[in-house]
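Chains R and P, in that order, give the protein sequences.
According to my numbering, the first sequence is numbered sequentially starting from 31.
According to my numbering, the second sequence is numbered sequentially starting from 218.
If you're looking for bench data, these hints aren't it; they were derived computationally from the structure.
Among the clues, some could well be false.
[As the list claims (entries may be wrong)] A few chain P residues that face chain R, going by a derived Cβ cut-off under 7 Å, partial list only:
hint, residue
1, Glu239
2, Phe467
3, Arg470
4, Leu476
5, Gln480
6, Thr484
7, Leu485
8, Gly486
9, Asn488
10, Arg526
11, Ser531
12, Asp532
Don't be surprised by glycine CBs; every beta carbon is placed ideally from N, CA and C.
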Amino acid sequence: MKLTVDQLSTTIEQKSIIDQITMFVESGQFVGIIGPNGSGKSTLLKTIYRILRPNAGLVSLNNEDILKFSHKEFARSMAVVAQEGSAPFDFTVEEIVLMGRSPHKRFFERDTLEDAYFTRTALVKVGLEGYSDRSFSTLSGGEKQRVLIARALVQKASFLILDEPTNHLDIHHQLHILDIIRKLGVSTLAAIHDLNLAAAYCDVIYVINEGEIVKHGTPSEVVTRSMLKEIFKVDCTVTTHPITGKLQISYVSEGMYKGSTLSQTPDTTVG
Amino acid sequence: MESLRKNDVGDLLFNEEEKNREDRGRKAKAKVYQVLLATLILLLLFSMTVSIMLGPISISPFTVWKIALSKVPFIENLIIQDWAKAQEQIIWEIRFPRVILGAVVGAGLAIVGVAIQALVRNSLADPFILGVSSGASVGATLVIIFGAFKLFGQYALSLAAFLGAMISVFLVFLVAQVNGRISTVRLLLSGIAISMMLSAMTSYIVISAPREEGMRDALFWMMGSLAGAKWEQLSIPFFSLLMGIGLLLFFARPLNLLLIGEQTASTLGLNIDIFKKILMLVTALLTGVLVAVSGAIGFIGLMVPHVVRLFVGSDHRYVLPVSALIGAIFLIWADVVARIIVAPQELPIGIVTALCGGPFFIWLLRRNSYSFGEGDGK
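Chain R on its own, in the form it takes in the complex (with noise of 0.2 Å):
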């Protein structure tokens, strides 16, 4: 499924947050979202999964304005997972996977033997086979977060959001988690915090600065050491990684010399 976003511009308390944004997922793409803290991912993809309203613009999947379709119709197209908030009372697993059904459901309508296999699979996709009775609560970061891909997934639906799921995990939750995702081959737009983990997993990034797209392209047409320099206020080098082939981003600050200033850096190889 693909997803265009034309022009968009969301307000919020008469503050311009996002200024006529347009960009475009590919089926079957993974696309990233990189922007500094401020910059507007957040509201870009709340707008586009249709939290906020946007003031001008139009965002549409496979060329059908989102804002035509149903809530329901919304949610067999589109999945999101965003950063995990808490509940105010306690859900089994399979409870939490299986609310991933509801767009498929009429009132009233049961669980179906169906929707029990859906979530089996999922669970055992995002490696958690045998978590289905635990409850909710007592999960790790890593694998509250997992939970929520497995919903994500049993609602089949052929866009996915990710935003900003990784943010709170260690490295290697980070890695699984964007493995999984990677995997399903399903188009996903992601807001993604870590460069490195950006420019290793997406085919696309686009990157956002106060409320605009300021540039776009494949990892290493977007990843470069004067944007990062420009947008992110950081100095680094940007290298390939010896074993995977993606751009390998190490930041230097003044503090990690002994003693020493910028002006003493090191040669390095400009991306």
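Fit chain P to the supplied structure of chain R, relying on the hints for placement.
Leaving out everything else, chain P in the frame of chain R:
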């Protein structure tokens, strides 16, 4: 099975054995739940019987049931009338309506408690959090103390209480709504603010009572009571309860979604803004009706949902019916205590629910296994 393989993006297949295991697991769960419901229904009938038997004139359980069955068309001919007319009078005209009202109010307050806790996503919420009881109190005290709404005769009190409740919820709704959306925090806080203002009005009405006994009656009403229940007053609460349970069960899935967060619920296909408004309307109407006939009986709508979640988890498909039954049983016993503990006087039932419920709730709090809504509690 073939269709499943095609449907699923992944590469997992279930064999016959796994399919059977899954099926058996589901059936076993359903069975446990059915047994629980059946047990609670029996317990409810038992509680009603005992409650009717007890009183200044004790009556045997057989007589209770014979009188009940003698009122049922067709079966009535099979019952041999071996009881005194006076007994029938007491049981059928006084004790039966009272115990049924108790069951209806208990069940109703419990399910409203469940729904309100989901609506505001807060474990401290109870049916009165949106100002229903304080609004009703203004109406009721006006009738009790100043004899307002004389025009409506014996229905003046219920009507005034209901109107007061509706006005107060409507005010809360107006304050909480911004741009067509209701924010949860705003809802809670405006509920508290409106309640405070209306409580102040009630206090003013009560202290300006011309007669001492008016004050006492008003206080008694505010603590809630099932005394004076009559058959002809039962039908509105009863059908409101049935509709309330039906609607909330109909919304069981959206209620679950609401609990895990508004944005998540929205991404899972729920129209949050409309659903919250419907939920407010349903709970306000049902609570208003219940308060109008029984006063503001506290604690039950706060406590029962927590107790029930402890046993059946948070899924509203199970929480709602079990809460209704436990709420009904609890209120019937609270009424028994209220009637006999200081006989021939009666205690307001709200005192009993708080005094019995409080220690139980504290015991629950001290247990480690229930988190009371602190998501990460153990």
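Which of the listed hints are broken here? When the structure is compared with the hints, none of them turns out to be violated.
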